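Construct the entire structure; sequences and hints are all you get.
Protein chains in written order, with the numbering used here: chain A, 1 to 174; chain B, 1 to 174.
Worth flagging that the hints you see were computed from the coordinates, not collected in a lab.
Since the model is a prediction, treat every value here as computed from it, not as a measurement.
Where a beta carbon is used, it is the ideal one built from N, C-alpha and C, also for glycine.
Take every hint as true, because none was put in to throw you off.
Cβ-Cβ distance ranges computed for the label pairs, FRET-style:
1) A:F27 to B:G61: 31 to 41 angstroms
2) A:P95 to B:E74: 18 to 28 angstroms
3) A:H58 to B:E60: 14 to 24 angstroms
4) B:L33 to A:E78: 43 to 53 angstroms
5) B:R25 to A:R30: 51 to 61 angstroms
6) A:P113 to B:T115: 18 to 28 angstroms
7) B:I99 to A:L17: 19 to 29 angstroms
8) B:R25 to A:E78: 46 to 56 angstroms
9) B:H49 to A:Y77: 33 to 43 angstroms
10) B:K140 to A:P95: 29 to 39 angstroms
If you want a taste of the chain B side facing chain A, the calculated C-beta under 8 angstroms gives, among others:
11) E93
12) I99
13) Y102
14) H116
15) M117
16) V118
17) C120
18) G121
19) D122
20) H127
21) A128
22) S143
Residues per chain, in single letters:
Protein chains: 2
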Amino acid sequence: MKRIAIDMDEVIADANLRFMDWYERDFGRRITLQEIHGKFFREVVSPEHREHTIKYLHTEGFFKDMAVIKDSQEVVYELSKKYEIFITTAAMEFPTSFIHKYEWLKQHFPFIPWTHMVFCGDKSIIHADYLIDDHSRHFKRFSGQGILFTSPHNVHEDWNPRVNSWKDVADLLL
Amino acid sequence: MKRIAIDMDEVIADANLRFMDWYERDFGRRITLQEIHGKFFREVVSPEHREHTIKYLHTEGFFKDMAVIKDSQEVVYELSKKYEIFITTAAMEFPTSFIHKYEWLKQHFPFIPWTHMVFCGDKSIIHADYLIDDHSRHFKRFSGQGILFTSPHNVHEDWNPRVNSWKDVADLLL
Numbered sequence: 001m002k003r004i005a006i007d008m009d010e011v012i013a014d015a016n017l018r019f020m021d022w023y024e025r026d027f028g029r030r031i032t033l034q035e036i037h038g039k040f041f042r043e044v045v046s047p048e049h050r051e052h053t054i055k056y057l058h059t060e061g062f063f064k065d066m067a068v069i070k071d072s073q074e075v076v077y078e079l080s081k082k083y084e085i086f087i088t089t090a091a092m093e094f095p096t097s098f099i100h101k102y103e104w105l106k107q108h109f110p111f112i113p114w115t116h117m118v119f120c121g122d123k124s125i126i127h128a129d130y131l132i133d134d135h136s137r138h139f140k141r142f143s144g145q146g147i148l149f150t151s152p153h154n155v156h157e158d159w160n161p162r163v164n165s166w167k168d169v170a171d172l173l174l
Numbered sequence: 001m002k003r004i005a006i007d008m009d010e011v012i013a014d015a016n017l018r019f020m021d022w023y024e025r026d027f028g029r030r031i032t033l034q035e036i037h038g039k040f041f042r043e044v045v046s047p048e049h050r051e052h053t054i055k056y057l058h059t060e061g062f063f064k065d066m067a068v069i070k071d072s073q074e075v076v077y078e079l080s081k082k083y084e085i086f087i088t089t090a091a092m093e094f095p096t097s098f099i100h101k102y103e104w105l106k107q108h109f110p111f112i113p114w115t116h117m118v119f120c121g122d123k124s125i126i127h128a129d130y131l132i133d134d135h136s137r138h139f140k141r142f143s144g145q146g147i148l149f150t151s152p153h154n155v156h157e158d159w160n161p162r163v164n165s166w167k168d169v170a171d172l173l174l
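Dropping the structure here:
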């Protein structure tokens, strides 16, 4: 049975929405998806807010109760019948995220057992046939096939295969 | 550069000593290393204490400030000059361990960056040339060479190569 490793943030968990919500809460302005097209969130905020915004990632609660990316639950569940699924997230950079990411996976992807959750940093340690991720840098030393999941920050990157949605993932792998 | 994945509990962190300390604290008797030879800790405690003892693993603080296994820091440091080192621990079974394991690694193995720490469950996800672990079950689907690190519970297991100490690891890999 082939194995698929799947990233969390911007692939199954909507981190950008959390950035938008917290930024609006703190500075009273809603950053739009159009604004962050082709960029990271931190690149479009006012320069005097940048440092504050980057700190969100290290703030208790940032990774708690994130919204689920559209169709990810249904498609990952269908994939799990044909492939071995691991969730592989670079959580090690953000220690405040550990327990929230774990609880989130248990709640929203209850069919993924704890044996198949991985918190890591450098994803070249992952032994899988496919890695679905929004950061192509993880593909460079990855031994399998990287599949780039479209996120505002990577729209101008040249990578094949690319998927724009979980429906695309279903078309590619199911 | 070849890559070595290294387990934590009973390989670099002394989990048995923690069991002994907590059991003595709770029941007034010191279990000895002789008693657990060839067994898991839970197998040698009084039957009426077994359930309580197993719960230690899920108790806040069990994984905090564990003693470091003899010579592990020095040898892993020397290994890190010749090999790429990842610490790969099946932490996912014990969510209360996450932050304590992370802090412990930062304190006792400061030369291992967060990019090279992995919390996982099924270690077949690990892509490495060697895995040093006290549980041979992790070697079954591991794609590299498993190296069994001697711990009381595995002394009667038949596995080659086996190492009895970090000096043995140095002899084998340096």
